[in-house]
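Sequences listed follow chains A, B, C and D, in order.
Note that this note's numbering gives residue 351 to position 351 of the first sequence, counting from 1, and the numbers run on in steps of one.
Quick note: to get this note's numbering, add 1000 to the position in the second sequence (first position is 1).
Quick note: to get this note's numbering, add 2000 to the position in the third sequence (first position is 1).
Quick note: to get this note's numbering, add 3000 to the position in the fourth sequence (first position is 1).
These are computed hints drawn from the structure, not numbers from a lab.
Hints should not be assumed to be uniformly reliable.
Partner residues aside, some chain B positions facing chain A, computed with beta carbon under 7 Å [claimed, not checked]:
#	residue
1	Ile1009
2	Leu1023
3	Pro1095
4	Lys1096
Computed beta-carbon distance windows for the label pairs [as the list claims (entries may be wrong)]:
#	chain 1	residue 1	chain 2	residue 2	range
5	D	Val3106	C	Ala2103	49 to 59 Å
6	C	Gly2159	D	Asn3018	55 to 65 Å
7	D	Val3106	A	Ile664	27 to 37 Å
8	A	Tyr660	D	Val3288	20 to 30 Å
9	C	Gly2159	D	His3392	24 to 34 Å
10	B	His1089	A	Ile664	19 to 29 Å
11	C	Met2165	B	Val1071	38 to 48 Å
12	D	Val3106	C	Met2165	47 to 57 Å
13	C	Ser2130	D	Leu3093	43 to 53 Å
14	B	His1089	A	Ala613	42 to 52 Å
Remember, it's a predicted structure, so these values are computed and weren't measured experimentally.
Glycine included, every Cβ here is placed at the ideal spot set by N, Cα and C.
Given next are the chains, with one letter for each unit.
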Amino acid sequence: MADSSWIPYLLCLIPLLPLAAAGVTALARPSRRRQASILTIATLSVAFVLALVLFVQVVGAGGGEAEAVFRRSFNFTWFEFGASSLRLGLLLDPLNAGMLVMVSFVGLLICIYSVGYMKEDANFARFFGFLALFSFAMLGLLVANSLLLLFICWELVGLASYLLIGFWYQKPAAVAASRKAFITTRIGDLGLFLGMIWLYSESGTMLFYDGGAGLLEASSLTHLTTTFTIGGMALSTATALLIFCGAAGKSGQFPLHVWLPDAMEGPTPVSALIHAATMVAAGVFLVARAFPLFAASADPDVVSTALQVVTWVGAITAVFAACIAVAQTDIKRILAFSTISQLGYMMLALGLGGISAGIFHLIAHAFFKALLFLGAGSVIHGCHDVQDIRRMGGLRRFMPLTFATYAVGMMALSGFPFLFSGFWSKEEILHLAHVWPVSSLPFYLALFGAFLTAFYMTRQMAYVFFGSYRGSHSPHESPGVMTVPLMLLATGAVLLSLIATPAWSWFHHFIEGGQTHFEMAAIFEGWGLMLLSIVLVGSGVGIGWWLYGRQVLTVDGPDALEQKVPRLYQALAQRLYVDEFYEATVIRLQRMLACLAEILERRVWAGAVMLVAAAFRAVSRLSRNIDRSFFNGGFDQGCSSLRGSGGRVARWQNGDIQTYLGWIGSGVVLLLIFFAWL
Amino acid sequence: MISLPIFLILSAILFSLGLFAVLSRHSMILLLIGVELMLASANLNFIAFWRFGPHPEAMTGALFVLFSIAVAAAEAAVGLSLILLIYRHLRSTNPKDVNSLHG
Amino acid sequence: MNSLSEIIAFLLISSLTLGAAIAAVGLRNIVHCGLSLAVFFVGVAGLYLLLGAEFIGFIQLLVYVGAVAVLIMFVILLTRPEDEAAKLPGLRWRQLPGVLIAAGVFLVIYLAIMRSPSLLRDVPEPAALSIQAVGEALVSGHLLALMAIGVLLTAALIGAALFAMEGEDGK
Amino acid sequence: MLPTETQPQTQRIRPALNFAARRPWCTLALLIAAALVVGTGVLFLLNLKAPGLLTAALMDALSDPGQAPVLLKQGLLNYLENGWSFAPWMLELTSIFMVIGTLLAVFGVIFALTSLVERKVLARIQNRFGPNRVGPWGLFQPLADAVKMLIKEDIVPTGADKVLHLLAPIIMLVPALLVLAILPYGPGMAPIELGVGILFFFALGATTEVGVFMAGWGSNNKYSLIGAMRSIAQMISYEIPLFLAALSVVMLSGSLSPDAIVSAQSGYAFSFVPHWFVFTPWGFAGFVLFFTAALAESNRSPFDLPEGESELVAGHMTEYSGFKYAVFFMAEYIGLLGICGFAVALFLGGWHAPLPWLEWIPGYLWFFIKLYSLVLLAIWVRGTVPRMRGDHLMGFAWKFMIPMGFAIILAAAVWHYAGGGVLGWVASAVIVLMPYLALGRVVSIQYPASRRVYRFSES
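Given these sequences and hints, build the entire structure.
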């Protein structure tokens, strides 16, 4: 094996460069706008290049040895307490090599896009500082070989997300959304934290890979699967579920998805970067990273409980969010629910055991969802900050570039056959779901989700780009600095499809090991399934066009779907009342507890305290009287006599330094005489 | 004829003169002058012991004087600025007037 | 060191030093005291030269005559009360204890010197103080002391400047 | 008192008596000088022995002009020892007095010349003629000045501290003269080869401040006192950059002795660029710093505001006249010559010739040529640069010159460790230039240059 000692330096550099940019931007004056943007973009470009270098290294190394997956971990001791020590580490394997390239590339494009999008903002430099901070945390999360380091970066990512959602802190909605996002994800993180601590107390390490001693390696997994805890659950299952809590919170899985739509209050590049492409994918990444733990089971033939949970949650989320997306009118919210739905797909894929499918969907989704969000941003920018799709329309004439790229994104997302990356990734997931031994319900749910996806995307396209313009200001195309990233992302969304077709499933083998062969015939292996999904997508688009494309849309009139099934539409528009449900249950319960605590405090404890206080007051009055009459008299006498003698002695201290020195001098003389001659 | 005791006696006289100034003169500047006298006499002792001592090549005495001169310079600077500060507050440099801490 | 010229030099310099010292502590005009102190420092420097410590002697001149004496003179001028002449009260009976204590200290030291016959050893003439050796000793064995002196001088510089600075409340 | 016809005898004697009564110092000096001249002549005439030795001494000196003064002195001593059978201690004393006499004569002449040259050059700079009445081109003007100074009344103000008033000029002059004792005039021609010569020089410079203080305080005059205080503050402040600049040379040559420093500058690079310290980046900066601080140290323009006549009459010399004033004057010029001599020894290669084929000219001549060039430079500066303002003066010392001094020391250290080559050149030049630019920026921001506005008719 070639010398790989340079790898850890690169791994360090990739996250640290954006951190340096963030630090400099934080310390520099806010008026240094150019400097902040150039610094962030430059460091991200360097990080991207370094990530590419690492990626090439991983690809080259993987090709040489047939079966083994290239994996290098670089561990070091953080600090020691007593005999034990806490170790952190960096890791490079195909999973994070691909992710590093994706994150740095998308991040770079979005930074460039932001230069145009945020041009007018007063806090331009702060925005770029936050973006750089986020990039640092996200890249750090990817290279971590320790659950602890990953957790630290995980929380930093959450912090950056919080800061960026609330970036326009003058808007109360943004502030509320940022708080909601922070608290909701914290609920999930509590699970992650507990799981991490539990794992550490059981296995004594937090490293993923440590030359056989790591968490995800055989010895540790054996220990975890054979230890049982409450209710006969294997320890591995319990910790995996706890970790999944965190992943679900961050990736907006049902029921912790509520924060993600609200997070769209942040600037659109943030929505694209954090809440579509990278951060929300961190949950998926975490599950993929810890996949051996999830999959560990005492009996290799049985699908582990943890994976079943992941599958079900993913499937439900996918369909659930897709349903809601059907009835939204805010362009970014539709995309947000679509994101949740797609994240559900990724979780579903992971739960079904297809890491490569999930990760490929993640990367593909990152490209086309970032594309869609940036396109949406371009639309919003062009329509003068209007986000309601009912107030748009006919934009394909005004912004042709945006329309073309948006259409590519839409087709990738809905899974148009053959050319688009979304098609192949979804196809693989559907295939996996079809052969899942436990239940066939997830398969049907996924199919339904695919249909809905095509439907709501068609609806959105119809509203935004077709028909006639319904807004008040005249729209315009966005500047080049915004459209060029769009085109680059669109190219990526198309080209990515090449590496994961069944004919040449390079990506699959890249992630999971094995040799790749080109086999054209393999494309048509699962042709029945493929046909089914093509039909479903086609019908989704068809119905969507039938409902929205044919007729003239109006701003105030009821939605086409609302005319057909008003009650269902209302329920969907209100996001199936999940927020209201939380309001009515969790939050009300908490309010009641607060009231109860207040009553207890006021009536019961305060009364007791008052009683005790009164008793003490009485005793002290008695004590004071005794003190005055008995002790003080005698004591005063003693004091005055002492004061008199003290005054006489104090006269010696006359404040004249020369007198003191005289005494010292005579003392020295006497001492010398005494010691020398007596 | 010129030997160690002569220098020692000379420095003892200088020391006593300095001590007298410190004990009896009514000006803080003269106090400081007395202190300088005493320091100089101590330095003279060091040099004399270095010169007449058994190991002049060790240079301990001379180096000590070097350091002592530096310390004395610092002492003089701080002491004089203190005198200046006291004068600004009390309009006097008589140490007998600086007795607000008397018993 | 017993040649005639050296004895004459010693007598001259030591009498100059003693006279200047007596003048420095005894004169009534405080400016004259300060100037006598400068002369005293010159005398001490001369004694150092006589003892073969050229380096120390010139350092003494540089630091004491050039800096300390002048500093004392500055302070004398800055603290001179405007209305009265810069004269101090002469010798009084109240100063007798000071004289007695100083004399006592001298007597004690004198007796101690006289009773130590070991001081009267004859020593060979050592080579003059070599600056090279002093420099090497300063940066090798006494490096810590040198650093400490540097810190001390910096602190004294800052402290003195702060003290002497006109505060917002003062004046 | 009007002269009358009836007192012809006393009339003739009275001016001399008056002169003696009013100017005891001058009379004494004149009498001593006359006694010396007459006594030496008489002794010489009475006892001319062994003239062959005297001739040999002269021939010796003429045969080697580079070492002429040394050889002459040795020959004369030899003559005295063998011809006059002097005892060793007498020889020692004679040797000392010969050196002192030579130095006083040479520097006396240079001083007289400089006082004239300064006036002439300044006059030419200001488009005037300068003194041109006494002798050819006014060449005897110094003599006339001396006579005028000597016969002026010696005024001691009422309420002055008479002792201090008298001692001050002497204390000013003595260190200035003592400096001349350690200058390396030529190879092996330093009167005293002191190992710690640099330190000696600075110690003497420090002593001068006491003299200034005595003059200022002893005069019982507010202008004198303020001028003295300003002068002392200025001298203390500028002593530090002076010392720092000299320190760089001391570091590089590894010695405190002026002789050794001059020897360290011998030789030529490419056989035409002398190895003088001024031809290195740090040395050049150090020389400029040293010379600037030297101007301030000797209270010369543009740093002459302690005696700025527009506000302080003549500073600490306000209350001086006659002979005492002349002594001050002399102390100032001798001090300038001494400090310039040090600059020559430290940076300009001392007595080394600037080009190899000029080495036949005796070293002491080179030394004095360089010394006098620096004096002329100082005069040029005086005629060109206006006087600085007080706060600018101190700010310049503490905010510019002292930091530059530290930079120069750093540059010298870098030069030393880089071994002098191209790397050393570039590195030390950068280290000198960077602080120069930075500090220059700071100083020019803090004290912006602006047109001076004269208000003649206000108030």
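Hint-by-hint comparison with the structure:
no.	hint	verdict
1	Ile1009	violated, 16 Å
2	Leu1023	holds, 5 Å
3	Pro1095	holds, 5 Å
4	Lys1096	holds, 6 Å
5	Val3106(D) <-> Ala2103(C): 49 to 59 Å	holds, 53 Å
6	Gly2159(C) <-> Asn3018(D): 55 to 65 Å	holds, 59 Å
7	Val3106(D) <-> Ile664(A): 27 to 37 Å	violated, 58 Å
8	Tyr660(A) <-> Val3288(D): 20 to 30 Å	violated, 54 Å
9	Gly2159(C) <-> His3392(D): 24 to 34 Å	holds, 27 Å
10	His1089(B) <-> Ile664(A): 19 to 29 Å	holds, 26 Å
11	Met2165(C) <-> Val1071(B): 38 to 48 Å	violated, 23 Å
12	Val3106(D) <-> Met2165(C): 47 to 57 Å	holds, 49 Å
13	Ser2130(C) <-> Leu3093(D): 43 to 53 Å	violated, 30 Å
14	His1089(B) <-> Ala613(A): 42 to 52 Å	holds, 50 Å
When held up to the earlier numbered hints, the structure conflicts with 1, 7, 8, 11, 13 and fits the remainder.
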